[in-house]
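Using the hints provided, position chain B relative to the given structure of chain A.
2 protein chains.
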Amino acid sequence: MDAAKGLEASGETLRAEVKTFFDSAPPLQNSDEITQKLNQFIQRNSSARRIVCVTSGGTTAPLEQRCVRYVDNFSSGHRGATSTEYFLKAGYAVIFLYRKRSFQPFCRSLPDDPLLECFKPNHESNIQVCEAYSETVKRAIVDHHTAVAGGLLLKLPFNTIFEYLQMLQTIAMSMRCIGPRAMFYLAAAVSDYYVPWKEMVEHKIQSGSSHLLDVKLVQVPKMLSVLRKDWAPLAFCISFKLETDSNILLNKAGAALEKYKMHAVVANELSTRKEQVVVVTSAEKVTVQRDKSLSDNDVENPLIKLLSEKHATYIEDSGR
Amino acid sequence: MDAAKGLEASGETLRAEVKTFFDSAPPLQNSDEITQKLNQFIQRNSSARRIVCVTSGGTTAPLEQRCVRYVDNFSSGHRGATSTEYFLKAGYAVIFLYRKRSFQPFCRSLPDDPLLECFKPNHESNIQVCEAYSETVKRAIVDHHTAVAGGLLLKLPFNTIFEYLQMLQTIAMSMRCIGPRAMFYLAAAVSDYYVPWKEMVEHKIQSGSSHLLDVKLVQVPKMLSVLRKDWAPLAFCISFKLETDSNILLNKAGAALEKYKMHAVVANELSTRKEQVVVVTSAEKVTVQRDKSLSDNDVENPLIKLLSEKHATYIEDSGR
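Sequence order for the protein chains is A and B. Note that the numbering used here has the first sequence beginning at 180, numbered continuously upward. Note that the numbering used here has the second sequence beginning at 180, numbered continuously upward.
Here chain A stands alone, though its shape is the one from the complex (with noise of 0.2 Å):
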């Protein structure tokens, strides 16, 4: 077999691996409604503004169908939720698909439980915001309602990696017919792994059966390569490589930028992932860092001016 027949084969292996994993997934609740929320917000949106899908938090992989145990990704959420934020005030319409519960636009400032930290009740037994908080609250909630209320600013959650790639697939499909003009934004920590739903017993695994609990979970599709090639071919796509250990880290970036043919990735180590990050193409490596000096000072901010620029000379270049 010569190398492109090769590539071929392996391309139909992946594609019948991605059949399977879709045609065993449960359906995805309220999908007619999502459909129908993304036409409406790519249409508002497509004359005036880039677009771009960030995604954002860790997807779980269930154990059992009726889900009591799940393997879980560690992902506050925080870097999609900053980088919306500042996709918001580059101009682009974003639509953030976000694991429950994780880190909201406009919201890290905030203590985890903003209701019951930052509120306390006055002597009339109404409800005030507690001094250290007064600006961060407002802020919070003021930007957040102009952003949706704006109809710059779609948010819908997910929690286990079958919502997850559903929606990404659907994203994708909806967002085809602005081409280039589409970025997606992959920030969050996806599965690797997961049990294939018809595999997955019914019940709860009982405990007192064995000693030892063995969990025999299979990769899950590149799913990468297939939103390049089938779902979104024109988009503009960035993904992220996340290690804690930075010795393996800018060649598993560059190696991801190559196999799944990315625009950019984005390398973060995870204990300096707020202070700096490495923007991977096959051009060049940048490193970005935070300026302490600014107001606006996370990585964030000057990583999204480069890649709104990296956007739009991409844009150009395809000649619309």
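Among these hints, one or two may not hold up.
No copy labels: a pair is met if it fits in one copy or bridges any two.
Okay, derived cross-link-like pairs now, DSS-like style, lysine-lysine, Cα gap no bigger than 25 Å in a straight line [unchecked claim]:
(1) K395 - K377
(2) K334 - K299
(3) K299 - K268
(4) K299 - K216
(5) K438 - K268
(6) K279 - K453
(7) K299 - K453
Don't read these hints as lab results, they were simulated from the structure. Since this is a predicted model, take the numbers as computed values, not measurements.
Below, chain B alone, put in the same frame as chain A:
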């Protein structure tokens, strides 16, 4: 070996397993501060009221030391949060040991993201509560604040199985001084299996290397036994049994009662758990149902009444 010796030997094995678990666990953060808060709380309340430790939400079992992936147990924390409200009404002081970001007492009627969903900007760019939520939000903040500021509710958060069990032990030790007037109401969904800290890989498990992920977890030592026998031998102890299969539920609850020498086991089935539960004791099985005619129409209302009565009898019988 006769039966008594057999029991003794299995007790010894369990103690050895427990020691291994705690010796290998990462040290608990802020343990001095937690102990100090606990002692103050118990001292303040011990003469005037009974004290219950309510555990709530699911524990995680990390798969990597620098945790990216973990096995999680589904539990919203609804049962623990609701029960806490009724324990406070019944005159208890409550130590609420809860999973971070799970339901909080007095907040269960609020949407997932109460700050963003219950508030909106008004014309002067100030914020106000949306009318539909004004009473719920006010009650949540006032009632929660009253309980915490009044010194009747102490909240201690956890994430991992290591943190949970270390804190449960600390709480049990601190509560020994009040003897049978202590109650443990163990509603948390505790991992049955975990990866011992020292056997865990340090860095993120690499996904490229294999088509299959085989996770081997070992059983968490049966801490309920240790809590009853060693940590808090005089306290009144309630555990929970949740199953998705109603056919095995009552048998499992009865077995747990006997095995761990609980004073009662609350049996609940996943799909009907907000409607009814069965309280299993050595003497009887009492079905408790929510009373839709009451304004406090949660199943936890009659449940906590029943348990509070049983606890009162237990204290009397203990001769104090």
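Structure-based check of all given hints:
When the C-alpha separation of K395 and K377 is checked against a cutoff of 25 Å, the pair qualifies both within a copy, at 14 Å, and between copies, at 21 Å. Proximity of K334 to K299 under the C-alpha cut-off of 25 Å is restricted to the inter-copy arrangement: shortest distance 17 Å between copies versus 29 Å within a copy. When the C-alpha separation of K299 and K268 is checked against a cutoff of 25 Å, the pair qualifies only between copies, where the shortest distance is 21 Å, while the shortest distance within a copy is 32 Å. Taking the shortest alpha-carbon separations for K299 and K216, only the inter-copy value of 22 Å comes in at or below 25 Å, while the best intra-copy value is 37 Å.
Within a single copy, K438 and K268 get their C-alpha atoms no closer than 32 Å, and across copies no closer than 60 Å, so neither meets the 25 Å cut-off. Taking identical chains as interchangeable, the C-alpha atoms of K279 and K453 lie at most 25 Å apart whether they share a chain (22 Å) or sit on different chains (22 Å). For the homomeric pair K299 and K453, neither the shortest alpha-carbon distance inside one copy (32 Å) nor that between copies (30 Å) is at most 25 Å.
In this structure, the earlier hints numbered 5, 7 are contradicted, and the remaining ones agree with it.
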